[in-house]
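Dock chain B against chain A, hints included.
Listed in order, the protein sequences are those of chains A and B.
Per the working numbering: the first sequence = residues 148 to 489.
Per the working numbering: the second sequence = residues 2 to 328.
No wet-lab data here; the hints were simulated from the structure.
A virtual CB, placed ideally from N, CA and C, is assigned to each residue, including glycine.
Incorrect hints may have been included.
[Stated by the list, open to error] Far from chain B, by Cβ distances over 10 Å, these chain A residues were calculated:
#1 G196
#2 F200
#3 G259
[As the list claims (entries may be wrong)] Which stretches of chain A does chain B cover? Using the computed rule of at least three CB atoms under 8 Å from a CB of chain B, they are:
#4 212-219
#5 336-349
#6 388-397
#7 433-447
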Amino acid sequence: MATTERTKAAGSRLGVDLGLSDRELLEIYRLIALSRALDERMWTLNRAGKVPFVISGQGHEGAQVAITSGLRHGHDWLVPYYRSVAAVLTFGMTPREILLALYARAPDPSSGGRQMPGHYGGSAYNILSTSSPVATQVLHAVGIAFAAKLRRTDQVALTSLGEGSSNQGDFHEGLNFAGIHRLPVVIMIENNGYAISVPASIECAIEDLAERAAGYAMPGVVVDGADVLACFRAGRAAIERARRGEGPTLIEAKVTRLTGHSSDDQQTKYRAPEEIAAQRARDPLPRFREELLGAGVLDEEADARLGAEVRAAIDDATDWAEAQPDPDPATARRHVYFEPEA
Amino acid sequence: MAVRTYIEAIRESLAEEMRRDASIVVLGEDVGRKGGVFLATDGLHAEFGADRVVDTPLTESMIVGVSIGAAANGIRPVAEIQFADFIFPAFNQIVSEAARMRYRSNGAFGCPITIRAPYGGGVHGALYHSQSVEAFFTHVPGLKVVIPSTPYDAKGLLKSAIRDEDPVLFFEHKKLYRSVRGEVPEGDYAVPLGRAQVTRDGSQVTIVAYGLMAHYALEAAELVAADGISAEVIDLRTLRPLDRETLLASVRKTGKCLIVHEDNKFGGYGAEIAAILAEEAFDYLDGPITRVAGPDVPGVPYNHALEDWFMVSPDKIAAGIRTLAAY
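Okay, chain A solo, but in the shape it has when bound:
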């Protein structure tokens, strides 16, 4: 989403400092709301027995939408992970395409139904294919940025991972190489406090993972993932810094995980009910809605209209994706190696 320095003469003051118009603020809000509704639909379809598995990012949407909003579509790169529903939506994927991955149908642009849901990718969008081993993608984003620097393409790569994954060697090896060569890459840790069931207190030796940036000669920024505009500010600063050739940035967004790790996880086994209830207060969606209502960017009527549009889009995507064919097993041997055009 492009940003402008201009605000409408009759607009609110909310986005002025950030150069965001009311229209642009509403687009961020729409993407957060759309992502949440899509995510909830995925869980509903799982609980209804329609799909075997869901892994997603409820609670992460504010940070994902706001931080990836600064990227240039079709030019920059997004190297996502399995919670990046809102990020891939922001970077161009449609609800239909996301639900194709959920249903694992033949036209699924992420993998043609080969991968588990949540493993997004799309060459049309410069969204690199995702795997399941964690933190491997950090090196891919660094490599994309390395190529961008060598080829002088003016591209920025943005990648995301969880705080648990930031203990992996690939994360550190990637930051080191990015720091040495001042590569145009933004690494975003979405710290929701849990690596499946293990709390951050016994997975990480430090509380603020952004401090790890200091070891790799790059800024480390902590941002409240429930504060959408703070996330936008941090993301845009990092992306612009990368594009100016000043090097990488590590952003740590403190987010909350509103669901279990995946549809196969029962988080009440390791999280107290009070803690789960308290996390609701850190949900970025109602907080941003209140912010927009308070500033007069949004009113109840417009919100209801937007909600109806979102529901219609999700219903359409659900029905459409479900109706698509399964991949043909006769195609399952394809694409092991390059296939020259016939």
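Just chain B now, kept in the frame of chain A:
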């Protein structure tokens, strides 16, 4: 034609490819000013500069992972792992990422990277500078595995590897680097991947080998020729994709097959060759498919007496041929 050593052929291949295609970048440990610990990249830094000949940190996973990302964004990386023994930190990137990128994206993304690594024993390298690691990778669909034995093949196969659209592991035997010379055409030629070569015609036993063992197999064939045994030698050159036609045609002719590799025997690459022959050439066999391979110990020991005990030699291969021929 010029006479080149094996390593000169590799260096020449790299330089010619980098001149031909500006998107090719060499990266690895000490590949820059030093030109690599074996000097495979000597002179490239001076000719192509630090942007295209990149000294990396001592982080093998990074070398491969960054190559994968760079390949997705228009660069054609040729990564060097300093010794095949140190490739394991990159195993996850090679096997989980590079090998699976095309399949998992249903053909949307490819991974055109070449990973060069010196391998093999007989060079006083002990456990961690002698390993043959090919079997770990030949197991994996999505990867190609190449092991040249001559300067001609080293140059021509490396060109094909670099031009290939898929990840290629290119293993170079350290002992061959300076011990083998051969004629290498000036200028451009490529040896296609996936084609074996019959390097000696024979009628009684087929010997299947690659790398240093392809040379030892020829020496062994010469030794047994004095006993009146006619051995055919196949240099596989590419382990995956395997040239089944050449293998099967030879074994159907001779009726006997001796497979030779330096890597230890259990679960080694030879087991797959043996299984293919058992499945597809059973009716033609006149003797047991036999392997001469490294012993099943965790590495090549350092002391010369121990190393000699470990290494497959022309004499050991000749003994295997004699036993099989007499069956």
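Assertion that G259/A lies outside the chain B interface [Cβ separation over 10 Å] = Given that some Cβ of chain B is not farther than 10 Å from that of G259/A, nearest at about 3 Å, it is violated.
Are all beta-carbon distances from G196/A to chain B longer than 10 Å?
-> holds (26 Å)
Run the C-beta distances from F200/A to all of chain B and say if the shortest one exceeds 10 Å.
-> holds (16 Å)
Check whether three or more residues of the stretch 388-397 of chain A sit with their beta carbon closer than 8 Å to a beta carbon of chain B.
-> Per the Cβ count (0), the hint is violated.
With a C-beta cutoff of 8 Å, work out whether three or more residues of the stretch 212-219 of chain A approach chain B closely enough for the coverage to hold.
-> violated (count 0)
Whether chain B covers the stretch 336-349 of chain A (at least 3 residues having a Cβ closer than 8 Å to its Cβ atoms) | violated (count 0)
Do three or more residues from the stretch 433-447 of chain A put their C-beta atoms closer than 8 Å to C-beta atoms of chain B?
-> violated (count 0)
Of the numbered hints stated above, those contradicted by the structure are hints 3, 4, 5, 6, 7, listed in ascending order.
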